[in-house]
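**Student:** Make the full structure from the sequences, and use the hints.
There are 2 protein chains.
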Amino acid sequence: MADEVKLHGVWNSPFSCRVIWVLKLKGIPYDYIEEDLQNKSPELLKYNPVHKKIPVLVHGVRPICESMIIVEYIEETWPQKYPLLPTDPYERAMARFWVKYFEEKTIAIWMVFRTTGEEQEKFKKETLEMLRTIEEHTSTLGKKKFFGGDKIGIVDIAFGWISQWFEVVEDVVGVKLFEAHAFPCLHAWTQNFKQVPLIKENLPDRDKMLVLFKRARENLFAS
Amino acid sequence: MADEVKLHGVWNSPFSCRVIWVLKLKGIPYDYIEEDLQNKSPELLKYNPVHKKIPVLVHGVRPICESMIIVEYIEETWPQKYPLLPTDPYERAMARFWVKYFEEKTIAIWMVFRTTGEEQEKFKKETLEMLRTIEEHTSTLGKKKFFGGDKIGIVDIAFGWISQWFEVVEDVVGVKLFEAHAFPCLHAWTQNFKQVPLIKENLPDRDKMLVLFKRARENLFAS
Numbered sequence: 001m002a003d004e005v006k007l008h009g010v011w012n013s014p015f016s017c018r019v020i021w022v023l024k025l026k027g028i029p030y031d032y033i034e035e036d037l038q039n040k041s042p043e044l045l046k047y048n049p050v051h052k053k054i055p056v057l058v059h060g061v062r063p064i065c066e067s068m069i070i071v072e073y074i075e076e077t078w079p080q081k082y083p084l085l086p087t088d089p090y091e092r093a094m095a096r097f098w099v100k101y102f103e104e105k106t107i108a109i110w111m112v113f114r115t116t117g118e119e120q121e122k123f124k125k126e127t128l129e130m131l132r133t134i135e136e137h138t139s140t141l142g143k144k145k146f147f148g149g150d151k152i153g154i155v156d157i158a159f160g161w162i163s164q165w166f167e168v169v170e171d172v173v174g175v176k177l178f179e180a181h182a183f184p185c186l187h188a189w190t191q192n193f194k195q196v197p198l199i200k201e202n203l204p205d206r207d208k209m210l211v212l213f214k215r216a217r218e219n220l221f222a223s
Numbered sequence: 001m002a003d004e005v006k007l008h009g010v011w012n013s014p015f016s017c018r019v020i021w022v023l024k025l026k027g028i029p030y031d032y033i034e035e036d037l038q039n040k041s042p043e044l045l046k047y048n049p050v051h052k053k054i055p056v057l058v059h060g061v062r063p064i065c066e067s068m069i070i071v072e073y074i075e076e077t078w079p080q081k082y083p084l085l086p087t088d089p090y091e092r093a094m095a096r097f098w099v100k101y102f103e104e105k106t107i108a109i110w111m112v113f114r115t116t117g118e119e120q121e122k123f124k125k126e127t128l129e130m131l132r133t134i135e136e137h138t139s140t141l142g143k144k145k146f147f148g149g150d151k152i153g154i155v156d157i158a159f160g161w162i163s164q165w166f167e168v169v170e171d172v173v174g175v176k177l178f179e180a181h182a183f184p185c186l187h188a189w190t191q192n193f194k195q196v197p198l199i200k201e202n203l204p205d206r207d208k209m210l211v212l213f214k215r216a217r218e219n220l221f222a223s
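From first to last, the protein sequence lines are chains A and B.
Quick note on numbering: the UniProt record's numbering labels position 1 of the first sequence as 1, and the sequence is numbered without any gaps.
Quick note on numbering: the UniProt record's numbering labels position 89 of the second sequence as 89, and the sequence is numbered without any gaps.
To be clear, the hints were calculated from the coordinates, so they are not data collected in a lab.
Accuracy of the hints is not assured; some may be wrong.
Identical chains blur together in the list; that is why a pair holds if it fits in one copy or across any two.
Each computed EDC-like pair below joins lysine to aspartate or glutamate, with the alpha-carbon atoms no more than 20 Å apart [unchecked claim]: (1) Lys125 x Asp207; (2) Lys52 x Glu129; (3) Lys46 x Glu135; (4) Lys100 x Glu76; (5) Lys100 x Asp88; (6) Lys125 x Glu104; (7) Lys24 x Glu167; (8) Lys176 x Glu4; (9) Lys122 x Glu179; (10) Lys46 x Glu91; (11) Lys52 x Glu103; (12) Lys194 x Glu170; (13) Lys40 x Glu91; (14) Lys100 x Glu75.
The structure displayed is predicted, hence computed values, not measured ones.
**Tutor:** Structure, rendered in structure tokens:
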């Protein structure tokens, strides 16, 4: 009971998936509670009174909120199994730099999803700028498959949703920003990431996502 | 040389001050380089090519960017002297939650500074909402003086600039949002924080800040 782990999430959320990937990679058993964001559970509202958002991890009776904070909590609580952060303080700072970069900049692609016309053009530019910066960083990987080296690390977990959500948003909106020829290193990383069995098995169904995101965009612009 | 610490900052930046406070509290000697943001040094551009922003800490030859990432780096490199984070993973996650909350929400008070009229009203509301949330969190301190307990911790460092910059922005803009009677716990915390000698001695000069911020706001709205 004291060590019981529960995750409140939503199947198509990249933020929920980050936590699921880490729990799976570390082999931590957990119960999953699917939330309905139109009708949030009393538990979710109690556990995350500030943001009222998923994911929330409940360890025993203690709730932890915010996906990347949950990831660091899991890392510090179960450090031996599948370490996600380097041990050197400088490399840890570099990893945290890229996690923060991604946390701050990905709003651009969601805004491409939520807008049209001139406004959308601005966010397309911001998205491309972000991709160029990440591509440059990815080019420093050399022969390493992941930002964590041979294995997935915390930066891979943070960037993870580029591997599926990005493409779904592009398909629904009808734009192509993440071109393989323009971002070859990041594209190669995406393929490596998706090929890890525990990731592949824990990506939401692409077709179901397409249906859902298409409907969401239609609702946004329904007059 | 290998252990030499340099800080690139700007005297009136709360982000630079966070790093200065931590270096002082931990008793780490360092050289300070004042940057001119209108004419950034080649070192700053080399050390922080992604954001081109201060503060940058250079430890030996290795640069670290982003104030709260620098704070965690300092903590992990010099953990014994004046610890800033609790040891329990859950309490660490809670501290990180509030650091992240503040990082994301403080933009509101800066937008109060940068806007007028109806637009400003929206940001005033957001600022008040943030203050109410932080007040509620501060009320859980009970008899503790700081979020770090009897001593300053990482959350105090993150919130630190409420103690001076907030009031300066209010004075320049001519609004009063952070009323002592409306936010008594946060107000008491502010007084405790400013009374710590190493903080008090390392706050920028209030009058100089007023002159600078006043000029900056005038320039924003100069026709």
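**Student:** Hint compliance check: list the failing hint numbers for this structure, sorted ascending.
**Tutor:** 1, 7, 8 and 13
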